[in-house]
Amino acid sequence: MDSPPKRSREETEDEYDDAPPRKRSSSRSPHNGSPEYRLAERPARRYSRDRDNSVDDSADERRYYERRTPSRSRSRSNSRSRSQSNTPPPRKPTALNYTPHLILRGHKRAISCLKFSPNGLWIASGSADATIKIWSSSSGALEHTLEGHLAGINTLTWSPDSTTLASGSDDKSIRLWDAQTGLAHPTPLIGHHNYVYSLAFSPKGNMLVSGSYDEAVFLWDVRAARVMRSLPAHSDPVSAVDFVRDGTLIVSCSHDGLIRVWDTGTGQCLRTLVHEDNAPVTSVKFSPNGKYILAHTLDSCIRLWDYANGKGKCIKTYQGHTNAKYSLSGAFGAYGSRTGSRETYAFVASGSEEGGVVLWDVSSKNVLQRLSGHDEAVLAVDTHPKEELLASAALDRSIRIWKASPLPEARVKQETSNGYDPDVLPPNPFATDSPTWFGACGTLTASTSCASFVA
Amino acid sequence: MNLSLIDPFVLAQDCPDVITGRLRSGHSTSIRFSHRGDLLASGRHDGIVVIFDIETNGVARKLRGHTRQVQSLSWSTNDRYLLSAGQDWKCVLWDLQDGSRVRTVRFEAAIFIAELHPKNHMLFVAALFEDQPVIVDMTEQVPVKHQIPSAPRRSQVERENATEKQNAQDAKQTTTMTLFTPSGKHVIAGTNKGWMNIIDTETHEVKYSFRVTNNIIVYIRLTPSGRNIVVNASDRIVRTLHLPDFSDPKLDFDTLQLEVEHRFQDLVQRLSWNHVSFSPSGEYVTASTWMNHHIYVWERGQGSLVKILEGTKEELSVVEWHPSRPFVAAVGVDSGRVWLWSILQPQRWSALAPDFVEVEENVEYIEREDEFDIQPLEELHKRRLDQEDEEVDVLTIEVKGSAAESGAVNGEPEFMMPVILDIENSDSEDEVVAVGAGQFRRRSPGAGREWMNDDEVAVSGDERRANGTAVQNGTKRRRG
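These protein sequence lines are chains A and B, in that order.
Under the working numbering, the first residue of the first sequence is numbered 1, with each subsequent residue one higher.
Under the working numbering, the first residue of the second sequence is numbered 1, with each subsequent residue one higher.
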């Protein structure tokens, strides 16, 4: 079967390719959701805003293998000069220096998902070639190749004790694997009517939540391999699900632009987060402390939501990457001194469709580092639970592991402005025709630029 | 973490309302919630102990070791170890990490109840039928049993004036109920003559005695704080008492005066009570009724009956309150099912559509000054980004009070029971086997009892020595 890139969004309504992205909200008709239709149309399962990229089947394979030259040469030595207009808080690092550590190759097709095990020993990666590979995170050696799914893998999740791996696939099933032996559990979890697109284990490992293209969120009893609860979640494919750290909340998001927070115990929706632009949400993740939700949307933004206070509020918007087509996913990481709690800061890492990985500081939204190396869109990024390691997987079939190194002296410079490099064209979704607008004011401080425009 | 999002009116409800579920694995006879409340241990009529996962309502583990009905269950404070007492006259300490038996302790009498020490899971206290209660130290392979007295403490004057008859009566007293105080320094024991004894765990000396009733004390329960006690006696009265802090070194037992706070009884129907328990805060007292289908819930502040839980068509025996939620579990005597009562939460529609608000009455909408002004989108976007200037901490984990107490005090990480992905262990309706398309029969009584042959289960030294005889006995005594 001609499997498409797993992480591309299907969108067959052609008008979106032409319409400006911000006007897409109300006119979008609900997804035509019969499975037959989907299977027939599978190669077109992608959400494209590229005007030059016509929606035809033959384009897919090409997108896999053509080597995209990055639009801009990014060198880690960082020759960019930044004007310095505000002084950051003392001693907080303004840049990170992750350097290439390992490159893992072996998958025959694009890699859609990648997860460090909670104990940090392994990396699991799932690919469009319907296999899952488990690698050693320290040496990069291939430990197991898990074969059994009949179609491409969309998602992976580790049980909290790192003994079991769950995978969701385009063959509509969820499989459990023993990570030590590499053997599949005899009974797959069957119940979804369409591609299983996202999975998350509960913190105790007794429940599994799954989101599917059939627009439902299922809560599974892992021990009995049965559906415990079905959440009438969304009106479009569910693109991501996650458990909060104490297991009492589930978050789900969908291409309908909604992020919903559910009570695990009762199955009731407790909160719905929606951004005005209503862009399709492709990934959600709770922050490590469970107070915030990080969401990727197809308007090239990553938003951090405070879901608890008031009616839920977007408190940070991270920009500087490209994300209009694929379900990219991100991860939280920590930097600074790992021992002293006071000096630990958090960063957000995400892939970009241009082939890079971008790291932002959570609070200041500044880009801390851009990692280049992948040739094609980086779909999955994960951070090591204990060490300062970062793994990224891309359409170019490779996995790269990055390791934090001490900053060279020259690198210690401040980045200013709102989360993007001043000398890079800003990926502002509204500025499609006048991209220089942000560039012009990028060097101003936040408060002055705001004031000047109001005036 | 869901508390901040739940309707405060729902959270304010602290008494369960309706039957929200039931659990079934064999014929349950006794149940006990784990301290964290995510697991429910259920002892079965056939001697198997089943651990239910309350989150999934499925079976998390089956522990095979008893040959007769399970009488009582007790969890260690970290929820890793479970002590079960069976009508086969033995107590088994289970390690839920791997489901193995850590120790097996045999007695020469039937066991009323066995309760683990709150701080040391290798120590337990047991009340025995027509025998003196024992504190059992299982630290060594061979358990050491220390007998503790049942006779109430008499003052010097009372002892001198005591008649022959009184002394004989004191000697005849036996203890029917024992449990540790939350600090573990004292044992509270109830006797068949209605005395409540406070016994020092170290010296095994009766520190204080108080006559609660003239009848047999059937069951005693403490609140988690240990400051309130509920006593079920065979005179059809449930009594609550307020206790002093026994761990306070300044407490003088000689001047201590206890008073019965409330007497709960049904004067009209003369109901007697099967089992009593406290709600987590001690605010409510629940009791299941003998030869009746109801669970009575009294409020302790006013001493009034607030609710009767019903809905089952059978008598209920053990009733247990969840350690943190308004959630009650009770065992049906006839079916052996575990019935669950809780609160039904209505879906708030405003949570589904954030731009809708639930209002009590019509509200006249006042439009904002700039509500329909047209502003350049770029400017809006820019302004919005600039407002996002607060410091955000996504890493620091706020530790709630209760979690800090349970996990951090011992300095050890919270125990998590491994998840077993085994269908055989998870089946709930296991007496029924499929024999054909749509045809079922009851499983034959002996089937699935291979564990009695006792090879695969790790056994302690005590168990191994007694192995040959015990297994034969167990097999012979088995009910068909």
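Simulated from the structure, these hints should not be mistaken for lab results.
All of these numbers come straight from a predicted model, not from anything done at the bench.
Quick reminder that beta carbons are idealized off the backbone N, C-alpha and C, glycines included.
Any given hint might turn out to be false.
Using C-beta positions, here's what the derived DEER-type ranges look like [stated by the list, open to error]: (1) B:S304 with A:D178: 53 to 61 angstroms; (2) A:D161 with B:V18: 33 to 41 angstroms; (3) A:S136 with B:S4: 36 to 44 angstroms; (4) B:T139 with A:N119: 29 to 37 angstroms; (5) B:D389 with A:E387: 28 to 36 angstroms; (6) B:R383 with A:H101: 35 to 43 angstroms; (7) B:A110 with A:S138: 29 to 37 angstroms; (8) A:K313 with B:L3: 48 to 56 angstroms.
Just a few of them, taken from the derived set where beta-carbon distance is under 10 angstroms, the chain B residues facing chain A [as the list claims (entries may be wrong)]: (9) S183; (10) D373; (11) I374; (12) L421.
Using the Cβ atoms, figure out if D389 (chain B) sits within 28 to 36 angstroms of E387 (chain A).
-> Roughly 31 angstroms apart at Cβ, these two residues keep to the hinted range, so it holds.
Do the Cβ positions of S304 (chain B) and D178 (chain A) conform to the proposed distance bound of 53 to 61 angstroms?
-> 56 angstroms, holds
Is the gap between the beta carbons of S136 (chain A) and S4 (chain B) within 36 to 44 angstroms?
-> Since S136 (chain A) and S4 (chain B) have Cβ atoms about 40 angstroms apart, the given range 36 to 44 angstroms holds.
With chain A as the partner, please determine if L421 (chain B) meets the hint condition of a C-beta pair closer than 10 angstroms.
-> Hint holds; L421 (chain B) Cβ to chain A Cβ min 6 angstroms, cut 10 angstroms.
Can the suggested window of 35 to 43 angstroms be confirmed for the beta-carbon pair R383 (chain B) and H101 (chain A)?
-> Holds - the Cβ-Cβ distance for R383 (chain B) and H101 (chain A), about 41 angstroms, lies within 35 to 43 angstroms.
Indicate whether the distance between the beta carbons of D161 (chain A) and V18 (chain B) respects the range 33 to 41 angstroms.
-> Since the Cβ atoms of D161 (chain A) and V18 (chain B) sit about 36 angstroms apart, the hinted range of 33 to 41 angstroms holds.
Cβ distance range 29 to 37 angstroms for A110 (chain B) and S138 (chain A), holds or violated | At roughly 57 angstroms between Cβ atoms, S138 (chain A) and A110 (chain B) fall outside 29 to 37 angstroms, so the hint is violated.
Cβ distance range 48 to 56 angstroms for K313 (chain A) and L3 (chain B), holds or violated | 19 angstroms, violated
Given the range 29 to 37 angstroms, decide if the beta-carbon distance of T139 (chain B) to N119 (chain A) lies inside it.
-> Holds: the Cβ-Cβ distance is about 32 angstroms, inside 29 to 37 angstroms.
Chain A contact restraint for S183 (chain B) - C-beta distance below 10 angstroms | Because about 28 angstroms separates S183 (chain B) from the closest Cβ in chain A, which is outside the 10 angstroms limit, the hint is violated.
Should the interface hint for I374 (chain B) be scored as holding, given a Cβ-Cβ cut-off of 10 angstroms against chain A?
-> 14 angstroms, violated
Does the interface hint hold: is D373 (chain B) within less than 10 angstroms of chain A, judged Cβ to Cβ?
-> Status violated, d = 13 angstroms.
When each numbered hint is compared with the structure, violations occur for hints 7, 8, 9, 10, 11.
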